[in-house]
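> Required output: the full structure, derived from the provided sequences and hints.
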Amino acid sequence: MAGEVTVRAVVCPEYGTPDVLRIEKRPVPVPGEGQARVRVRAAAVNFPDVLLIGGKYQIAVPPPFVPGSEFAGEIVELGPGCEGRSVGDRVTGTGLYGAFADQILSPAANLTPIPDGVDDHTAAAFGVAYRTAYHCLRSVARVGPGDTVIVLGAGGGVGLAAVQLAVAVGADVVAVASSAAKLATAHSYGATHLIDHRDGTLREQLRTAVPDGAAAVLDPVGGVLSEPALRSLGRGGRFVTIGYASGTVPRIPLNLVLVKGLHLLGFQFQDIDPGEFGRNEKELTGLLVSGRVSPHIGAVFPLEQAAAALGEVAAGRAVGKILLDPDA
Numbered sequence: 002m003a004g005e006v007t008v009r010a011v012v013c014p015e016y017g018t019p020d021v022l023r024i025e026k027r028p029v030p031v032p033g034e035g036q037a038r039v040r041v042r043a044a045a046v047n048f049p050d051v052l053l054i055g056g057k058y059q060i061a062v063p064p065p066f067v068p069g070s071e072f073a074g075e076i077v078e079l080g081p082g083c084e085g086r087s088v089g090d091r092v093t094g095t096g097l098y099g100a101f102a103d104q105i106l107s108p109a110a111n112l113t114p115i116p117d118g119v120d121d122h123t124a125a126a127f128g129v130a131y132r133t134a135y136h137c138l139r140s141v142a143r144v145g146p147g148d149t150v151i152v153l154g155a156g157g158g159v160g161l162a163a164v165q166l167a168v169a170v171g172a173d174v175v176a177v178a179s180s181a182a183k184l185a186t187a188h189s190y191g192a193t194h195l196i197d198h199r200d201g202t203l204r205e206q207l208r209t210a211v212p213d214g215a216a217a218v219l220d221p222v223g224g225v226l227s228e229p230a231l232r233s234l235g236r237g238g239r240f241v242t243i244g245y246a247s248g249t250v251p252r253i254p255l256n257l258v259l260v261k262g263l264h265l266l267g268f269q270f271q272d273i274d275p276g277e278f279g280r281n282e283k284e285l286t287g288l289l290v291s292g293r294v295s296p297h298i299g300a301v302f303p304l305e306q307a308a309a310a311l312g313e314v315a316a317g318r319a320v321g322k323i324l325l326d327p328d329a
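Each residue of the sequence shown is one higher than the one before, counting from 2 in the numbering used here.
Simulated from the structure, these hints should not be mistaken for lab results. Backbone N, C-alpha and C define an ideal beta-carbon position, used for all residues, glycine too. Among the hints, erroneous ones may be present.
[Said to hold, decoys possible] Straight-line Cα separation of at most 20 Å, EDC-like style, residue types lysine to aspartate or glutamate; simulated pairs: (1) K26 <-> D328; (2) K26 <-> E305; (3) K57 <-> E313; (4) K261 <-> D213; (5) K26 <-> E5; (6) K283 <-> D272; (7) K57 <-> D20.
[What the hints assert, rightly or not] Taking CB as the label site, the calculated pair distances span: (8) V258 <-> V29: 45 to 55 Å; (9) R27 <-> S189: 39 to 49 Å; (10) V29 <-> S140: 36 to 46 Å; (11) E34 <-> H264: 43 to 53 Å; (12) R27 <-> R143: 40 to 50 Å.
This is the structure we're talking about:
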């Protein structure tokens with residue numbers, strides 16, 4: 002903005018726990034060819050951010066770097082070659098890092114307009130989690146009306162999005178989570194079966210909830226929850242692995258897949274058929290704008306408390322999405 006010479010940024014000076022993070026003042030970034038400078042109004046905190054800071058993500062970013070992969074805000078400056086964009090446009094964007102700051106440079110072509118009537122916090126919380134969940138439901142698990150879906154990690158960002166979106170497409174949802182608060186939130190968004198897995202009886206609880214077997218499992222957690230959920234699928238059921246928030250990649254006995262003719266599926270955005278991708282995006286935007294779905298924002302932290310925000314996500318305490326707000 003006019004008159005500014007520095008901006009604040011959350012910096013990871015070395016790999017470690019979120020406690021290594023610090024606030025630095027940096028020169029206002031100058032956009033180059035095809036780049037936009039965006040004033041960040043809200044940034045979502047995601048589990049991969051924790052892994053990146055710890056040097057445990059599948060792609061390494063050498064420190065020092067500014068973490069943060071998802072943001073919403075407004076364009077304040079454009080470099081050359083940014084046709085179709087204007088200063089003042091409200092946009093969302095994603096990238097591997099850089100969002101935990103007052104401002105960020107982003108390829109202008111990668112920015113998505115925020116629909117009218119959608120506020121910055123909602124836009125930041127909606128993006129990756131809801132797109133991941135909806136593409137999984139529609140194009141990978143192919144869930145439809147009347148299907149029963151088991152959602153692991155149902156209190157987290159992707160999990161709670163999956164609960165809401167599965168209900169929106171007419172499915173019956175079994176929510177599996179690690180606390181009463183998370184399950185209560187999942188229930189408030191339409192989950193009909195609530196299972197706390199902490200007592201170690203997940204298989205028995207799932208057998209009671211879905212005695213005839215579920216049509217699909219969405220698993221962003223991994224670890225010890227995956228196999229009991231897989232065993233709870235009906236014949237021909239679909240198991241979609243999305244991530245491993247537990248920190249452990251499960252080992253699945255393939256005889257379980259053989260006996261019931263199950264389908265083990267992985268999710269990557271680039272694997273979705275382009276025609277289906279466009280359809281899904283249009284449907285998802287319609288659900289957001291109409292108010293049929295809306296992200297649950299569990300907490301909002303200022304930039305100075307980025308370590309605390311990431312700590313909530315790392316410890317599995319977050320309910321829904323955690324945001325950083327530079328203006329808070």
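> Take the hints in turn and mark each one as holding or not.
Comparing the hints with the structure gives:
no., hint, in the structure
1, K26 <-> D328, "holds (15 Å)"
2, K26 <-> E305, "holds (12 Å)"
3, K57 <-> E313, "holds (18 Å)"
4, K261 <-> D213, "holds (12 Å)"
5, K26 <-> E5, "holds (11 Å)"
6, K283 <-> D272, "holds (18 Å)"
7, K57 <-> D20, "holds (16 Å)"
8, V258 <-> V29: 45 to 55 Å, "holds (54 Å)"
9, R27 <-> S189: 39 to 49 Å, "holds (41 Å)"
10, V29 <-> S140: 36 to 46 Å, "holds (41 Å)"
11, E34 <-> H264: 43 to 53 Å, "holds (44 Å)"
12, R27 <-> R143: 40 to 50 Å, "holds (46 Å)"
Consistency note: the structure conflicts with none of the earlier hints.
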